[in-house]
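Student: The residues making up each chain are set out below.
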Amino acid sequence: MRLTDEEQATRAGTFGPLRQWAIEHQIKVGSYLGAEDFVPVGQAHIMADTESLGAAGVEWLEAWAALPVEQRQVRIPTITDPRGTDFAQASRLKQQPWMLDLERRAIAAFEALGVLMTDTCINYQTIMPPVRGEHMAYGDTGVVIYSNSVCGARSNFEGGPSALSAGLTGRTPRYGFHLDEERQATLLIETSFTPSELSDWGALGGVVGRLAGDYSQVPALVGLDRVPSSDEMKHFGAALASFGSVALFHMASITPEAMRLDDVVPTGQSLPTHEIGESDIRALQARYAKDIDTIDLVVFSAPQLSLVEMQMLAAMLDGRRADIPLLAVTSPQVKPDADRLGLTARIEAAGGTVLAGMCFYQSYAREMAEANGWQRLATNSAKLTNILGGYGYRPVLLSMERCVAAACAGGKLT
Amino acid sequence: MSAKIFYATAGMGRVVKAPALVASDGFSARYDLDRINGVFSRPEHKLAGQSYRGRVLVLDAAKGGVATAWMLHEMAARGVVPAALVLNRVNPIMVQGAALADFTMISGFDIDITKEVPSGAEVQVDPCAERPFIRVL
Chain G
1 MRLTDEEQAT RAGTFGPLRQ WAIEHQIKVG SYLGAEDFVP VGQAHIMADT
51 ESLGAAGVEW LEAWAALPVE QRQVRIPTIT DPRGTDFAQA SRLKQQPWML
101 DLERRAIAAF EALGVLMTDT CINYQTIMPP VRGEHMAYGD TGVVIYSNSV
151 CGARSNFEGG PSALSAGLTG RTPRYGFHLD EERQATLLIE TSFTPSELSD
201 WGALGGVVGR LAGDYSQVPA LVGLDRVPSS DEMKHFGAAL ASFGSVALFH
251 MASITPEAMR LDDVVPTGQS LPTHEIGESD IRALQARYAK DIDTIDLVVF
301 SAPQLSLVEM QMLAAMLDGR RADIPLLAVT SPQVKPDADR LGLTARIEAA
351 GGTVLAGMCF YQSYAREMAE ANGWQRLATN SAKLTNILGG YGYRPVLLSM
401 ERCVAAACAG GKLT
Chain R
415 MSAKIFYATA GMGRVVKAPA LVASDGFSAR YDLDRINGVF SRPEHKLAGQ
465 SYRGRVLVLD AAKGGVATAW MLHEMAARGV VPAALVLNRV NPIMVQGAAL
515 ADFTMISGFD IDITKEVPSG AEVQVDPCAE RPFIRVL
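Chains G and R, in that order, give the protein sequences.
Using this note's numbering, the first residue of the first sequence is number 1, and each one after it goes up by one.
Using this note's numbering, the first residue of the second sequence is number 415, and each one after it goes up by one.
A few of these clues could be false.
To give a feel for the contact side, a few chain R residues facing chain G, derived at Cβ under 8 Å [what the hints assert, rightly or not]: (1) Met426; (2) Asn451; (3) Gly468; (4) Leu471; (5) Ala475; (6) Lys477; (7) Gly478; (8) Ala481; (9) Ala491; (10) Gly493; (11) Pro506; (12) Ile507.
Hint data in this document are derived by calculation from the structure and do not stem from the laboratory.
Glycine included, every Cβ here is placed at the ideal spot set by N, Cα and C.
If we strip away everything but chain R, and leave its shape as in the complex, we get:
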């Protein structure tokens, strides 16, 4: 049986394999996370209360302010950090934050990626391939 594979338009970081945590919602490190405890803390967020540590977050769009540009680096330094981010749409802050933290991220799909990847599924993210992709294993 062949695995499902979805190609993105851009990527950075390294190859990652981890369970996916999926929601049709946005992502901002400042607005949405309790970064000390590693959980989504914004009450309205669809992943509220869930741990993001070591997960490949598959979400819709980058949201919020500029703080994520530093925060991914800070989260990575403490080891309380997602394994990767997979987004339908990014903003520059998410790219800047991933660049500083050497964090794995891919974005830009011709489908809604949050509808294609089952939450909890083991996935592989390869941002270095000629066409960056996420594969459901």
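Here chain G stands alone, though its shape is the one from the complex:
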């Protein structure tokens, strides 16, 4: 990789050992992936729940956090993805003291590095949405795909170590979706179905993700009959990224880089084309629902709920009573508004639990299942459905309304 004078000085250790490690890490990654140089980035977003970090990762962070302050602080706004707990509700989730201890240690280390503990995967709705063309180093696949596709920003999937590196150096290797040529569509999806439920938007993302299949693919959708809302885009993108490891999509005449489909289709090329209808969405959902007629809990999470989703949920629960656990997970930015507007109180009056700053699957999901006797789980998040099988759950993908109905019927699916 070509390095500027400043980058060479960083590599030589002029700005301390942490920045030296960071740029070496970035050079290793950039060299593997064919980057020729670095690109400055406006923000970094770090995924670092302690289930992923483990004790080894926390100790690694703590060692860096012990450096002198001038050597350890990030140099661009650097924020965090959800943590592995909501401390106020940890006992209700039967999380263990060692989990909370690891979380506290990780938080202290990140704060020492100058990281803003935003603890959210919906920063594009709540913190500072990126601007079209702005280069970023975002973690959380849902954040990346939304920012790239809906906002027109430029980011690769940056895992925790790389996002932290970008925070420390203010740049990231220029490969993948920082490059114009990588942002062109590689397959065409013709859909005759425009979903209305968030769960169906997620299922559509899941179907497209399976067709796309890997990080280099950029699907372009045609045939949607309206502009999706931010929450619909959120569920579609999160599922597409989860099922397919996809980081960018286009929607013809909707997303900013595809105002004309021709803008994202390479000149003179005929793209592989797939047709998707409602039956494909139902087939994906049916596969999860097979042989399940009762559930143990309902979870709304992944991505965290917006204020609008919190309002929808509160309205559905008014006058009803959930008699199995119903967890609604939102961001620390949305939660105070939900409290102030009475939404939290309405959800909790109906037996639900509102959690903030965490995400269900990032919060020791396997251990929570064992401690609480949870296995069969209903959610309206296709992303969560895709993830939880590996943690021993049997997830079912339903609309928010059907999830609420099941929670209020002792877990029986209707």
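Since chain G is already given, all that's left is putting chain R on it; use the hints.
Tutor: Just chain R now, with coordinates in the frame of chain G:
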């Protein structure tokens, strides 16, 4: 008799010799693994129930989210970790995770590597060679 050798476009880590565990399926540490017990746990995964500890995993593509970037490091610290990853296609997360953990990985073949390496075969992975390769011994 000459050993079969397959060249990759990129590699990192050190030379490894170990038995291969092969499937035409993806890889994500969060989505697919019970990392405590060292087995594939995702029921739909073609290696469900099989131990990955000390094996060279030969798989199709990197899948899933960003957690693998930390998890390879955590798995290596506990010693419950594959010996190496050999993938047809990577995503950045797998590269970032391998870089942090100093983990052996090669990727990018002109054939489908999962169809060429027999599961259970002893293999050598050399990511440092001028052309990184996997050799069936």
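Student: Which hints, by number, does the structure contradict?
Tutor: 2, 3, 4 and 10
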